[in-house]
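Asks: Work out the full structure, taking the sequences as your base and the hints as a guide.
This is what each chain is made of:
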Amino acid sequence: TQMTIRDALNSAMDEEMARDETVFIMGEEVAEYQGAYKITRGLLQKYGPKRVKDTPITEAGFTGIGVGAAFQGLRPIVEFMTFNFSMQAIDQIVNSAAKHHYMSSGAVTCPIVFRGANGAAAGVAAQHSQCFAAWYSSVPGLKVLAPYDSEDARGLLKAAIRDPDPVVFLENEILYGEPFPVDEAVLDKDFVVPIGKAKIMRSGSDITLVGFGKMVGYNLKAAELLEQEGISAEVLNLRSLKPIDRDAIAASVRKTHRVLSVEEGWPQSGVGSEIISIAIEECFDDLDAPPERVTGAEVPMPYAQNLEAAALPTVEHVVAAVKRMMGK
Amino acid sequence: TQMTIRDALNSAMDEEMARDETVFIMGEEVAEYQGAYKITRGLLQKYGPKRVKDTPITEAGFTGIGVGAAFQGLRPIVEFMTFNFSMQAIDQIVNSAAKHHYMSSGAVTCPIVFRGANGAAAGVAAQHSQCFAAWYSSVPGLKVLAPYDSEDARGLLKAAIRDPDPVVFLENEILYGEPFPVDEAVLDKDFVVPIGKAKIMRSGSDITLVGFGKMVGYNLKAAELLEQEGISAEVLNLRSLKPIDRDAIAASVRKTHRVLSVEEGWPQSGVGSEIISIAIEECFDDLDAPPERVTGAEVPMPYAQNLEAAALPTVEHVVAAVKRMMGK
Amino acid sequence: MYRLRRMEISADMLYKAKQIRGFCHLYDGQEAVVVGMEAALEQSDSVITSYRDHAHFVGRGGTVLEVFAELMGRVEGASKGKGGSMHMYRRQANFFGGQGIVGAQVPLGAGLALAHQFRGDGGVAVTMYGDGAAQQGQIFESFNMAALWDLPCIFVCENNHYGMGTAEWRAAKSPAFYTRGGDTMPGMSCDGMDVLAVKQAFAFAKQYVLEKGPLILEMDTYRYHGHSMSDPGSTYRTRDEISGIRAKRDPIERVRQLLAANGLAESSELKAIEREVKGEIDGAIDDAKAARLPADEELWTNIWRAPLGATMRGIESSHKQRLPS
Amino acid sequence: MYRLRRMEISADMLYKAKQIRGFCHLYDGQEAVVVGMEAALEQSDSVITSYRDHAHFVGRGGTVLEVFAELMGRVEGASKGKGGSMHMYRRQANFFGGQGIVGAQVPLGAGLALAHQFRGDGGVAVTMYGDGAAQQGQIFESFNMAALWDLPCIFVCENNHYGMGTAEWRAAKSPAFYTRGGDTMPGMSCDGMDVLAVKQAFAFAKQYVLEKGPLILEMDTYRYHGHSMSDPGSTYRTRDEISGIRAKRDPIERVRQLLAANGLAESSELKAIEREVKGEIDGAIDDAKAARLPADEELWTNIWRAPLGATMRGIESSHKQRLPS
Ligand SMILES: Cc1ncc(C[n+]2csc(CCOP(=O)(O)OP(=O)(O)O)c2C)c(N)n1
Ligand SMILES: Cc1ncc(C[n+]2csc(CCOP(=O)(O)OP(=O)(O)O)c2C)c(N)n1
Ligand SMILES: [Mg+2]
Ligand SMILES: [Mg+2]
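Chains as they are written, first to last, in our numbering: chain X, 1 to 328; chain S, 1 to 328; chain D, 1 to 325; chain Z, 1 to 325.
The set of hints was computed from the structure by calculation and includes no laboratory data.
Treat each hint with caution, since some may be false.
[What the hints assert, rightly or not] Simulated crosslink set (DMTMM-like; lysine to aspartate or glutamate; CA at most 20 Å straight-line): (1) X:K50 with Z:D121; (2) Z:K320 with X:E282; (3) D:K18 with D:D231.
[To be verified] Here chain Z is said to cover these stretches of chain D; the calculated rule only asks that three of the stretch's residues, wherever they fall, bring their Cβ under 8 Å from a Cβ of chain Z: (4) 129-139; (5) 144-156; (6) 172-179.
[Unchecked claim] Which bits of chain Z does chain S cover? Going by a derived footprint, with three or more residues having C-beta under 8 Å, they are: (7) 100-112; (8) 159-168; (9) 211-224; (10) 315-325.
Remember, predicted model here, so these are calculated numbers, not experimental data.
In this text, a Cβ means the ideal position worked out from N, Cα and C, and glycines have one as well.
Replies: Structure representation (structure tokens):
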């Protein structure tokens with residue numbers, strides 16, 4: 001069967017709300033409007049206003065309220081209309097949610113999910129296109145997940161809601177309507193994807209393409225094209241950015257001897273820089289080529305279509321980088 | 001002559017305020033209290049309340065006010081008591097200050113300095129010990145500076161105030177009272193340190209130690225100790241984290257064939273991960289050992305003295321890492 | 001006002017024809033606020049607003065062509081194609097956009113006022129936000145500092161009664177936005193559909209803030225379109241509500257009737273104006289369509305005012321971009 | 001109250017003897033607020049406050065030993081040495097700290113109230129902040145949501161009249177903090193130096209918020225010490241002001257006089273209590289000094305509740321820390 005990311009996220013929340021009555025959703029337009037991107041469709045009707053709460057446009061405040069409710073034992077899902085707006089609340093995410101378990105030596109727990117669209121959408125310019133993967137994944141105390149397909153979206157979101165720690169859940173607006181095939185197993189009410197483990201989406205022997213979210217799709221496309229040129233690329237879907245699966249990255253690179261990280265965010269101290277560093281730390285002697293990264297261009301996102309296109313990686317960039325790395 | 005960092009920062013602001021009457025300072029306790037760490041000592045008395053403004057404890061608001069004043073042609077210096085509190089204002093720094101020149105195709109400029117203590121102090125626990133170097137330096141549109149000694153502090157701050165772009169200026173509380181020798185030239189009213197250029201603090205041939213802020217001192221200490229063991233370390237003071245001086249890093253690594261980055265912040269997607277990536281991108285074939293990073297441990301900062309000490313790099317860590325990298 | 005109305009309706013059509021991308025927030029219904037305001041201000045005063053900024057840009061002297069060209073991402077646009085619908089600026093007329101982050105423009109506007117006060121240039125700043133934005137904490141922080149420092153700042157709440165799909169009373173316990181300064185700052189409410197009342201209110205407010213410090217002006221207004229192009233605008237309010245306002249409070253109709261009732265303009269004169277405006281708008285559309293996309297090199301300009309010869313990274317490691325010094 | 005007073009004065013001495021590091025904010029002068037509050041609340045109600053939290057921790061049933069041990073970074077401390085002065089918790093008594101970021105505890109407290117309401121457990125949440133914090137935008141955001149949702153939340157402004165070196169009137173255009181809810185929420189003011197008045201106020205407030213929704217309680221109080229240990233506390237206020245309050249409004253003296261005037265306690269009885277408290281405090285100091293530092297492995301515990309076998313990086317690349325699964 002096919003399932004869109006939207007339905008995967010929606011069904012995950014629906015089922016977890018049915019399973020655990022301390023789970024509730026809050027955010028802008030999540031209830032009566034059913035979500036700016038309709039991810040919460042039908043949930044108000046099913047669970048009522050106590051468990052699906054529209055908030056005013058006050059990110060700092062409602063995020064803090066969510067975190068406080070989590071301290072006191074509820075399991076809030078806080079939707080940011082997009083993660084760009086989470087900057088207004090980032091102090092609550094980092095200083096309140098992420099650090100309390102540690103500061104209290106385990107007394108205070110904070111089971112909360114912060115979710116919403118992250119990174120570039122289409123034609124929304126600089127203030128609405130930022131990727132926050134590197135920032136959040138730098139923070140010990142947070143868990144950071146980024147689904148690629150509907151299996152990920154369902155399984156990771158269910159795992160995030162059940163997890164006792166604060167989870168930042170990075171979605172991609174452009175993929176919401178995209179259908180992906182899913183197994184029967186994925187439809188199970190208790191299907192969860194383990195947090196902290198990467199997944200090999202396609203096995204290969206010449207190079208490892210590491211990515212998360214939408215870029216996994218690019219990498220799969222690139223691997224297909226590369227196959228036609230006789231290059232066998234392994235595609236690793238990180239799924240978790242924190243904790244990040246060093247073992248899986250290292251194992252794959254030890255096998256392929258080359259690694260390319262692909263992301264849409266800015267390069268400097270980005271996720272790619274961490275992938276390169278892990279490859280260097282874990283398997284320098286196994287490398288047949290310098291690890292590389294494909295990233296968003298180092299500019300605020302421009303609006304004009306041609307400039308926006310020039311600011312973002314494409315499948316062609318991945319293919320070109322791989323060929324260069326393979327000396328072809 | 002000797003000059004403390006405090007005096008270096010204070011004299012830089014003093015002289016720039018005398019030089020340009022659109023420069024003014026705002027922040028918590030900067031005026032009547034003369035600064036929580038006394039960096040603004042005497043300035044209220046000299047320039048009056050119009051140019052040295054105490055603000056309420058409302059970081060988002062006063063940062064936005066500073067940015068607006070900069071849009072309209074003033075040159076504000078916004079002091080954060082520490083950068084931990086800048087998280088309440090990070091949306092204004094990133095979305096308002098950093099992106100407007102680009103979004104307006106150059107029409108709007110934002111000459112503003114955000115300054116204050118960054119990173120770990122002593123015994124102030126998890127919420128007051130975070131390093132923001134990697135986050136801010138990932139953002140195109142910001143310039144990010146981190147002084148090590150009094151020459152840096154004076155010259156970089158004066159350059160920052162004169163610069164037409166938004167500058168994040170990361171100080172270190174522990175160093176405020178530390179005296180450093182300064183040349184006559186540094187005392188000149190027009191002494192500025194160029195933004196975007198790293199400085200070789202000590203020349204060496206076996207390994208490059210890259211750092212910023214307080215870690216430059218550790219690296220210099222480590223280089224002394226290493227010399228006794230016959231290892232010649234070059235110490236590179238980054239000074240600018242954005243733009244970062246790729247050329248200087250590459251040139252040094254091409255000479256020494258080894259590089260170690262040292263920082264107090266968290267490892268994942270930290271400054272060190274970028275240094276490693278730059279070394280790999282620029283000079284993979286010149287490397288005699290995998291580039292490495294010494295970083296703060298991947299934990300929220302604990303309070304207890306022994307744990308805090310165990311969470312932060314020391315000169316011994318630097319020495320040990322270098323010896324390992326040299327195969328000794 | 002009619003010009004602004006035609007402009008927004010044309011933007012709607014262009015969007016539906018896929019000539020415009022991304023977010024696009026239209027201002028039809030609210031025109032009297034901008035037109036009345038600009039009748040009372042000078043261009044030496046500063047203005048800043050939210051993403052719903054097309055009319056504000058034109059109010060500050062921008063052209064309809066610049067709006068359309070920006071919406072189409074052309075180099076002739078208000079921001080040379082880099083900003084888009086939400087980010088139009090006219091620096092020479094002290095218009096600072098065009099802000100995408102709800103609430104963020106309010107402290108920025110207070111900062112503009114601070115600069116006017118600092119220089120003593122007699123200017124005021126107008127910082128405009130919606131009824132949805134009115135709950136943002138940074139607004140209260142700004143009220144407090146503006147009041148402490150007597151900033152010449154007019155805080156304008158354009159209350160169109162909805163923030164996206166949320167009615168004001170669902171977002172605010174106290175939706176009397178002109179009272180939200182509490183003991184900190186006075187406020188007044190004004191019929192934002194009556195262009196003459198708006199002008200009067202701004203004339204008063206400008207004088208007031210220069211003499212006595214900041215003030216809140218609430219403008220009671222209405223947006224005809226949905227929040228943005230993806231919102232039909234009819235799920236959270238009734239069609240009757242919309243058509244009722246159109247019929248009874250439309251700001252353009254009101255002026256038309258006033259002119260007629262007072263014998264100030266013949267209906268034929270008004271028709272002629274309308275024809276002229278339509279021509280102007282249609283011409284602007286054609287010109288915008290014919291305008292150029294930004295050159296590819298523009299990707300790398302305007303990151304900084306002083307790029308200092310920095311090396312930036314392109315998408316691939318092999319692409320390093322050296323900026324000018 | 002006397003116990004809290006002795007505790008804070010001893011903490012001052014320990015700090016000066018370098019037994020305590022970092023920030024340390026003392027509560028002497030303000031004791032009546034915590035003591036009066038706890039006389040009216042249950043431990044099933046939730047409390048959250050700022051970094052000035054030693055007394056609140058003891059008020060919720062924590063021991064003086066746990067305070068000193070935490071201040072000295074010992075494993076017997078309130079947070080087993082990981083939190084320090086600003087971060088003491090007593091989860092089993094619904095005390096959530098101990099918050100270092102000014103203002104951040106206020107929405108957190110509203111969230112605690114949301115949980116009580118959600119579960120319908122009859123509990124209320126108290127969220128305490130200072131006069132300096134009272135300008136923070138997130139407080140107004142919290143007021144609005146608490147009022148919209150009728151949360152059982154008591155917002156307590158502990159007005160000690162200074163935020164660091166800034167007098168309330170320099171930080172707030174309107175320093176009548178109990179009115180800062182404007183049209184959104186009612187408030188009341190209370191003499192925070194009078195423990196009986198405080199108790200009454202909280203008893204009323206608890207009832208009120210359960211029935212009618214949130215309320216602001218302003219406590220008029222005073223801190224004798226400087227803001228933290230680096231602040232002598234005498235540059236921005238006169239010594240006369242401090243000694244005047246000590247002489248006329250000290251909360252402990254007031255109770256002593258009340259007891260005496262009403263013949264409820266002999267001065268010898270009070271002396272005996274004092275002696276006992278001194279003994280307790282001195283014993284706690286000795287015990288705290290004798291307590292152990294956290295084991296080194298504690299660096300790696302409590303990052304997450306479910307660490308999932310994650311690999312963390314130590315300071316050097318050679319140190320990888322595998323967490324339990
Ligand atoms: C901080 C932030 N949160 C959320 C959004 C998404 N958003 C854009 S406009 C809007 C509604 C604003 O309503 P209002 O202030 O009434 O202005 P109007 O659109 O009616 O002009 C929202 C929620 C945003 N841009 N910024
Ligand atoms: C967001 C933030 N900004 C600044 C600080 C530094 N700071 C700590 S306490 C304080 C003063 C707070 O005063 P008040 O709210 O009156 O509380 P009191 O200390 O009097 O109890 C400041 C500015 C901080 N901790 N957090
Ligand atoms: Mg509105
Ligand atoms: Mg106070």
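Asks: Each of the hints needs a verdict: does it hold here or not?
Replies: Tested hints:
1. At roughly 15 Å between alpha-carbon atoms, K50 of chain X and D121 of chain Z fall within 20 Å of each other, so this suggested pair holds.
2. For the suggested pair K320 of chain Z and E282 of chain X, the alpha carbons sit about 11 Å apart, so the restraint of at most 20 Å is met.
3. Proposed proximity of K18 of chain D and D231 of chain D is supported: the alpha carbons are some 16 Å apart, at most 20 Å.
4. Only residues whose beta carbon comes within less than 8 Å of a beta carbon in chain Z count, and the segment 129-139 of chain D has 5; three or more means the coverage holds.
5. Given a C-beta distance limit of less than 8 Å, the hint that chain Z covers the segment 144-156 of chain D holds, as 3 residues qualify and 3 suffice.
6. Only residues whose beta carbon comes within less than 8 Å of a beta carbon in chain Z count, and the segment 172-179 of chain D has 5; three or more means the coverage holds.
7. For a cut-off of 8 Å, the count of residues in the segment 100-112 of chain Z with a CB near a CB of chain S stands at 4, and the three-residue condition holds.
8. Evaluation of the coverage hint for the segment 159-168 of chain Z: fulfilled, as 4 residues show C-beta separations to chain S shorter than 8 Å, against a requirement of three.
9. Counting residues of the segment 211-224 of chain Z whose C-beta sits closer than 8 Å to any C-beta of chain S gives 0, which falls short of three, so the coverage hint is violated.
10. Given as covered by chain S, the segment 315-325 of chain Z passes the check, having 5 residues with a CB less than 8 Å from a CB of that chain where 3 are the minimum.
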